[in-house]
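Engineer: Listed below are the residues making up each chain.
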Amino acid sequence: MTLITYPTRVHFADGVLEEALHSELERVGSGSALLVSDETLAESAFMDRVLSGVPSRVLTDHVTFVASEDALRDVAQETARNRQSPDVIVAFGSAQAVELGRKIRFSVDQAGAVRPVLFALPAVDGLPDPCNRNLESKQAGLPSVVICDPTVSIGTGQGASLRATVMSLIRCVEAYLSLGYNPPADGMALDGLSRCIASLEKIDKAAGLDLHREVMAAGLNAFLSQEKGVGPAQTMTSSLLSEAGGDQRAAIARLVLPGIMRARAMDDGKADVLRKVLSGVDEPLIDATARILGGVELPGNLAALGVPHAALDGAAKAVAGNAGLTYHNARSVLEDVYESV
Amino acid sequence: MSQAISVCHGEFGRAALYRLDKDIITHAHREGHLIFYVDGPNATCISGKENCVVDNEHAVAVSPWEPHSYHTDGKDPQICLVLYIKPMWFLENSSSAEFALKFGRPDLTLNDEIKGYLNRLTCLLLDHEEEVRFDSLLFGLTKECFDLSWAGADEDYRGQIYDRFSDFRVRRSLRLIQENMGEDVEMEELARNVGLSRPHFFKLFKQYTGVTPNVYMNTLRSERAIEELLNSNKTVTDIAFDLGFSSQASFTRFFSSNVGIAPSEYRRVAHVSNGAFPMM
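Those sequence lines, one after another, are chains A and B. Under the working numbering, the first residue of the first sequence is numbered 1, with each subsequent residue one higher. Under the working numbering, the first residue of the second sequence is numbered 342, with each subsequent residue one higher.
Calculated directly from the structure, the hints in this document are not laboratory data. Only a predicted model underlies this, so the values are computations on that prediction, with no experimental measurement involved. Where hints are given, some of them may not hold.
[Claimed, not checked] A partial selection of chain B residues facing chain A, derived with a Cβ cut-off under 10 Å:
1. P405
2. E407
3. L432
[Unchecked claim] Away from chain A, derived, C-beta distances all over 12 Å, residues of chain B:
4. S343
5. R371
6. T450
7. I455
8. S514
9. L515
10. I518
11. E520
12. N555
13. V577
14. A590
[As the list claims (entries may be wrong)] If you want the footprint, here are the derived chain B segments under chain A, 3+ residues with CB under 8 Å:
15. 372–378
16. 556–570
Positions of the beta carbon are idealized from the N, C-alpha and C atoms, including for glycine.
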């Protein structure tokens, strides 16, 4: 039996941010909202737009963090301890900000206060992996409302769009290949994938709202398709990231995905559908994946990304038993891309 | 003196029956707005650049944030049904609506279906009846008007949006207006705070938002005033002071010229509908 739950309301349109946020805050009858963002957004246009969408009667407080320096769990617990409990958390900007919003909600709930509603307003990379190894990962940890306004991505650099698209592609592939029976998630993964392929071809040639819209749509589909859970390449990447530091998620994940696909158990029918989406020509699935991800201008091996060799052991252990992978073939995948050229 | 006959608030927004014998100055709403004739002399509504008649054959549809004004003959009052429909409520109950509830054109020639909805809604408001079908009638009427407004209209217009936030000075001014709503905000000072002369500020603000800074600020103040009148126990005088007015009289003048009736009259008549329209 499969239970498929999508508890998230999604707004998706150019310029929708302020009116959608205003309507949603009114809808839940919010009296206090906690705004959560990366510190770099504290005085940004994005911040101005969020504040304009907050009804005047709603009291606001703002929590910021320094990406890749602050431990999100500590920030969340301190926020839950020291600040007035909000009825809504509005997390905007990066995936880490949304993740922090999710952690604050969890901490507030654990502290015995009324569980706040979480709104996510993603920028180009703005939706985190669902975590499946702790309570925050449960479906209740998904945002209640996601407001996708591609105009917030205007001015985003080519590199950020590229990394976001690579990460979406990896999530879509992993979600689609996951053995769980979830037709809506599979549909979103395939749609997200085709948008990623089209966007990757354009990123270095074009900019503009159309591209931002496609990158954001792919990201949203990738995020929602992960109702099926996190795949082994993502799990491996998270483990390596915790050792390497920095935000190299897309760069690491694109190195390990082809090897993981080679080593993992795969349904032949699904692999064939995936091959057709990834490559119009008669090209094996893994070759097509490696070609697409290999064409992306990101560092070419794990050592160049600052991953210590000692981190490989933990990463291999983290995925052992997942999708038919053993410790040994997972370790072999990692060794293959550690110092490869 | 203009009077409120019935005012009903709900998830949908607001529906009101007014007896209006005074003009309402140029103003705007966050909601989609519909004005229907019920009885009395004809009136006119200027929406954007169009002069539209409100009579027993014509209604007016005003998109969110579209500046408009209402004009009577100044003698006998017109009884009219006015709706302020929240775009998201409309979207949630419709399978194909635009989020913005943007109408294709303001002047609507009423058909029999719209007249039928209008009669039934007017009766329910006159009788102050709490009925489940009130919300579904409201939705039906709004949907009919929305579709009618797009019949033969320029489809390219549908995709146009105001990019209110692409100029940092306009963006900053929107924030300042919001933050200083409880104070007497001088436009001269607001312009200076965002580094512009007054005329340049007005031009830029109108270009990016579709309304003048005054209309924008008045819209926020009206919204806040209505909410306080409906949901708080504050006196009208306290509400006036909280919104930055120097006296109850000046607040009453502001409210009457922007909303159509006096604040105490509004509070006397307004009530919240408990009807929950099922999601489709």
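Engineer: Against this structure, judge whether each hint is valid.
Structural biologist: Checked hints:
For B:P405, the suggested interface contact is upheld, since its CB lies about 8 Å from the closest CB of chain A, less than 10 Å. Restraint check, B:E407 versus chain A: the minimum CB separation of about 14 Å is more than 10 Å; hint violated. A cut of 10 Å between beta carbons decides the hint on B:L432: the least distance to chain A is about 9 Å, and the hint holds. Every C-beta of chain A lies more than 12 Å from that of B:S343, the closest at about 26 Å, which supports listing it as non-interface.
Listed as outside the interface, B:R371 is inconsistent with that label: its C-beta sits roughly 7 Å from the nearest C-beta of chain A, within the 12 Å cut-off. No Cβ of chain A comes within 12 Å of the Cβ of B:T450; the nearest lies about 29 Å off, and the non-interface call holds. At the 12 Å boundary, the C-beta of B:I455 stays outside the reach of chain A, the nearest C-beta of that chain being 26 Å off. Separation of B:S514 from chain A is inadequate, the least Cβ-Cβ distance of about 10 Å not exceeding the 12 Å criterion.
The Cβ of B:L515 does not lie farther than 12 Å from every Cβ of chain A; its closest approach is about 5 Å, which violates its non-interface assignment. Against chain A, the non-interface label of B:I518 is violated: not every CB pair exceeds 12 Å, the least being about 9 Å. Separation of B:E520 from chain A is inadequate, the least Cβ-Cβ distance of about 8 Å not exceeding the 12 Å criterion. For B:N555, the non-interface assignment is confirmed: its Cβ lies about 17 Å from the closest Cβ of chain A, beyond the 12 Å cut-off.
With a cut of 12 Å on Cβ distances, B:V577 stays outside the contact zone with chain A, its closest approach being about 18 Å. At the 12 Å boundary, the C-beta of B:A590 stays outside the reach of chain A, the nearest C-beta of that chain being 23 Å off. Residue count for the stretch 372–378 of chain B with a Cβ under 8 Å from a Cβ of chain A: 0. That is fewer than the three needed, and the coverage hint is violated. For a cut-off of 8 Å, the count of residues in the stretch 556–570 of chain B with a CB near a CB of chain A stands at 4, and the three-residue condition holds.
Checked against the numbered hints listed earlier, the structure breaks hints 2, 5, 8, 9, 10, 11, 15; every other hint is satisfied.
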